[in-house]
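Student: This is what each chain is made of:
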Amino acid sequence: MERTNFGYHLSEGWRSIFTHGFMSFAAACMIVACLLIMGCFSLVALNLNRMLDDLERENEFLAYIDESLSEEEARALQSSLESIPNVSSALFVSREEAMTAFMEGREDQPLFRKLPAEVLRHRFCIHVKDIEKIGTTVGIVEQVGGIADVRAELKIARGFVTLRNIAGAVALVLITILLIISLFIIANTIKLTTFSRREEISIMKMCGATNWFIRWPFVFEGMILGLVGAFLAFFLQWGIYALIQNAITRSGEISIITLIPFSSMAGRVLKTFAATGFVIGTGGSLLAIRRFLQV
Amino acid sequence: MIRLIDIHKDYDNGTKALKGVNIRIDDGDFVFLVGPSGSGKSTIIKLITAEIAPTEGRLMVNGYNLNTIRPNQVPCMRRTLGVIFQDFRLIEKKTVYENLTFVMRVAGASPREIKKRIPYVLQLVGLDRKANHCPSELSGGEQQRVAIARALVNNPNVIIADEPTGNLDPQRSLEIMLLLERINELGTTLLVVTHEQALVNRFSKRVVAIENGRIISDGTGGYYHNGKN
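One line per chain: the protein sequences are A and B, in this order.
Using my numbering, read the first sequence as starting at 1 and increasing by one per residue.
Using my numbering, read the second sequence as starting at 1 and increasing by one per residue.
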């Protein structure tokens, strides 16, 4: 494209948005609607993922220390435990601390009242980085000298892994389906706008316009509509998210759920919306105009 | 220059639109192509503008061999032609000035050339005061003059007018034909397709008559239909 024509095509594309006002409005609305649907679903998936992350971080297992080791010797095992690849932290819990924790809520029960702390063992509370590898990590910890026993709730850990995998797969499939449906709807909307201008295209062809001379204004028009739609969708998404966040905070029952603040994702959401709007706007225009160029 | 040598055109539905047509139009000629509906006039226009390809025969337009032309050369070939249609085919959402601008842009004209050329052409067709009007604000005759200005604006070698007076009353038709005659006098080749016998007979020009896909007469001085003047 020549530089002198760049300005011409851009201004033609811009003007065309207003001269075909209703169709432009329809196309922009479709882009906004599709981005909003995809955006809402992606944000729900992102928050679920974050909640699962938090829950996984709570997952820990206990490594009991051999009773023959003194407290100092037991504490000294911390560095060897933390040097195991998947271990994120190993917190020492003395038998006295363990007894205090055990007695919480059981103060009224006479059976436990005179229980000495020696019935319990020193232990390490171990958190892992990757919950999927917890089985292997437990095996390694069991091999460390001075560790008498390990108690890990592997079933719960596996449950988390399965839940995350299912949630991830469902999110991926649904987002892909939504994206395909959105592209289809937008391409058809733009095709409708282009159809109303097929006469104009055939006149241009008859006057000796090349296919790209005809395409450029449509491409710019689609690009502008896509970007405008993306910005509108971004601000609407922000508003909807804030409303939901406020509703959750105000409600007593589900206020335990903490959503990721929108401001921390705003940059990424804007970039994603702008990129998607740009691609579906320009791509939709190119696809839609293709069949009308065969004159 | 336009040359059709033994041109045949068969459509997919089996219609034999042209059966061995030979026409030679030299630079500067003014030619009427006449004939009844369905005789093959429109097929000849479509062949010359490369909308369709001949089934058989050789076709040359302004130095381009349309039998071997590459698709990317078609726009360049079309820029050597100016086409006027019966239904004007102006872009309704553009003003008269813009309708001409985009045709010059297509040909790669600079904004300076456009500013210089369009007022001249609009003056030539008598529409210099209507530059900022939209086609819907103009009469049929004025719209056809815009179409003529559009055909003329890139200074083409040949102007093809397909039933240019078909939608106009006799007075406006005569005005349009006089304008086309004037354009021809300025050096542009004119091929006017029509079936208006009275109008053709007013001008002493070459008339090529076609019927059932065959040229039945080619001469100067009148519209011969079914062997009668």
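Derived from the structure by calculation, the hints contain no laboratory data.
Beta carbons are placed, not taken as given, at the ideal position from N, Cα and C, and that holds for glycine.
Don't take each hint at face value.
Which residues of chain A face chain B? A partial, calculated answer using Cβ under 7 Å [claimed, not checked]:
hint, residue
1, Glu97
2, Ala98
3, Ile203
4, Ala209
Student: Would the hint on Ile203 of chain A stand, with a C-beta cut-off of 7 Å toward chain B?
Tutor: With a closest approach of 5 Å, the Ile203 of chain A hint holds.
Student: Does the closest beta carbon of chain B sit nearer than 7 Å to the beta carbon of Ala209 of chain A?
Tutor: Cβ of Ala209 of chain A sits 4 Å from chain B, so the hint holds.
Student: Against chain B, with CB atoms and a cut of 7 Å, does the hint on Ala98 of chain A hold up?
Tutor: 82 Å, violated
Student: Grab the minimum C-beta distance from Glu97 of chain A to chain B and call the hint holds if it beats 7 Å, violated otherwise.
Tutor: 81 Å, violated
The structure fails to meet hints 1, 2 from the earlier list, while all remaining hints are met.
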